[in-house]
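Enquirer: So the sequence lines, in the order shown, correspond to chains A and B.
Under the numbering used here, read the first sequence as residues 277 to 500, first letter to last.
Under the numbering used here, read the second sequence as residues 522 to 744, first letter to last.
Note that these hints are calculated values from the structure, not bench results.
Among the hints, erroneous ones may be present.
[Said to hold, decoys possible] With a straight-line Cα cutoff of 20 Å, these simulated SDA-like cross-link-like pairs (lysine to any residue) come out: (1) K672(B) x S492(A); (2) K628(B) x T410(A); (3) K556(B) x K381(A); (4) K381(A) x G631(B); (5) K557(B) x T465(A); (6) K567(B) x L472(A); (7) K557(B) x S492(A); (8) K594(B) x K381(A); (9) K429(A) x F625(B); (10) K557(B) x R337(A); (11) K556(B) x F471(A); (12) K424(A) x K672(B); (13) K628(B) x T465(A).
Note that the structure is predicted; figures quoted are calculated from it, not measured.
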Amino acid sequence: MEGKSSNTLTIQNVNCLASLKTVNCNKGMNNFIEKFVFVLSLIFLFSFHGFSQSKYEKEFRIKAKDVPSGALSFVDSLGFKSKVKWYKEIGLNHISIEAKSRFLKERHSIEFSDNGIFQDVEIEVNPSKIPFNTYSKMKGVLSQRHEKYKIEKVQIQYTGDRNLVLRFLTGNRSKVEGIEINYEVVISTKMDGDFLMLEYLFSETGEYVQSNQIMSKREDTIDY
Amino acid sequence: MKKFLIIFILSAMTAISNAQSSYQYGIIPSINLIKKFPRNWSANFKVESRQSLYNHELKYEYLLTDGSLVVTKRIASNITVGGGYLIRAEDDELKNRAIQQISFGKKYPGFRMAHRVMTDQTFEKNNKAEFRLRYRISSEIPLEGQSLDVKEFYLKINNEYLNSWEGDDYDMEIRWVALLGYSVSPVNDLEIGLDYRLDSFIEGNSRNRIWLSINIFHSLGKE
């Protein structure tokens, strides 16, 4: 009996959908709108539940006037000709300030602490800029760990004393004592059947340091 | 090449605007429920309703409701293939549409871009089957930073070209969509904007349809 009622309801819904435009189906139209509003309300309910529960990292654009003076003077000293964009990143345990710009056709990203203390510089490069032996060693590590992978991005990371890094960046960029060099490599790969992005950190000589999975912060809807 | 392209676009626009055109305005609200499955499978259940507010005169008219389910599988980090089915309730009749699609997506510094190639076949009583070949380019641009985070606004811009064959008849439809989106939570997005559709401009009088598009996306089973 229950099954029969359910079937009847299904058929009725289909008939009314097919004749929504007719005057005789005004009642059906009202029912449809009521259901539509009900589903909409449920979705909003879910939305605000998610809103209050979510913990997240957030990155947003800030104006140069809101940047700590230490960070601003560092970037000003570099004399970038391209526009410098400033961002603030708020994570669960840290806040950082980041300057992004292009210089000599390469993307530069300079990170500072919340109060403007220099952290590191990352420069996106073509892999050919990495010493051959170092790059071969890095690829060897990746091949050992992943059957198939694709290198999406390579960055050279410079850390160390603020003045030394500044001298390195404004000079002819030959190695300066006291600056630590690491390589950050982002790859896409398939692990346990799932496609994912991983960020690897290698030392100056191409030794593996660490790796992290890049987690998507939200569900992507661009395909729909 | 650029000059030629500009001249071509201007000529096409002039030809279109000189022809007799009809304009229709309305709204298209939609709800998308997305569910991820293991092994890179994903499903999108969508309900979309179309309502006219102006067509030669200011008058509300309910037009149609679509219900569709498209299942996709990621076959590479940037490629998904999929297929699905759509049922359309329009003018006291049901239309059935089979859908096949492939999408290519890529993240660039500051925005994401996706290309979608889709084919579909629509069947209905008393009418010839309609076959369409569609191409859409979409981009999603975060408005607050380099990547889109929760509680941030974004722009979604689409441009789609739809080739349609029905018996001996051929038509092309072009769509431009500009939406302002807001990521409410990791599982909910809201979008509102304009969806402009132009068709029948190859032969006959062009038809212009401008919809207020309101989209809700909710991902199931992920908080």
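Enquirer: Compare the structure with each hint and give your call.
Expert: Comparing the hints with the structure gives:
1. Between K672(B) and S492(A) the alpha-carbon distance is near 15 Å, which keeps this suggested pair within the 20 Å criterion.
2. This hinted pair does not check out: K628(B) and T410(A) have alpha carbons roughly 27 Å apart, beyond 20 Å.
3. For a cut-off of 20 Å, the pair hint linking K556(B) to K381(A) is broken: about 41 Å separates their Cα positions.
4. The hinted pair formed by K381(A) and G631(B) meets the criterion: a straight-line CA distance of about 17 Å does not exceed 20 Å.
5. At most 20 Å may separate the alpha-carbon atoms for a hinted pair to count; K557(B) and T465(A) meet this at roughly 19 Å.
6. Under the criterion of a C-alpha separation no larger than 20 Å, the hint pairing K567(B) with L472(A) is inconsistent with the structure, at around 26 Å.
7. Only pairs whose Cα atoms come within 20 Å are accepted, and K557(B) paired with S492(A) is accepted, the gap being roughly 13 Å.
8. For the hint pairing K594(B) with K381(A), the CA-to-CA distance comes to about 37 Å; that exceeds 20 Å, so the pair is violated.
9. For the suggested pair K429(A) and F625(B), the alpha carbons sit about 18 Å apart, so the restraint of at most 20 Å is met.
10. Restraint check for K557(B) and R337(A): not satisfied, since their Cα atoms lie roughly 31 Å apart, outside the 20 Å limit.
11. Restraint check for K556(B) and F471(A): satisfied, since their Cα atoms lie roughly 17 Å apart, inside the 20 Å limit.
12. Simply put, K424(A) and K672(B) have alpha-carbon atoms about 35 Å apart, too far for the 20 Å limit, and the pair is violated.
13. A C-alpha spacing of about 15 Å is found between K628(B) and T465(A), which places the hinted pair at or below 20 Å, so the restraint holds.
When held up to the earlier numbered hints, the structure conflicts with 2, 3, 6, 8, 10, 12 and fits the remainder.
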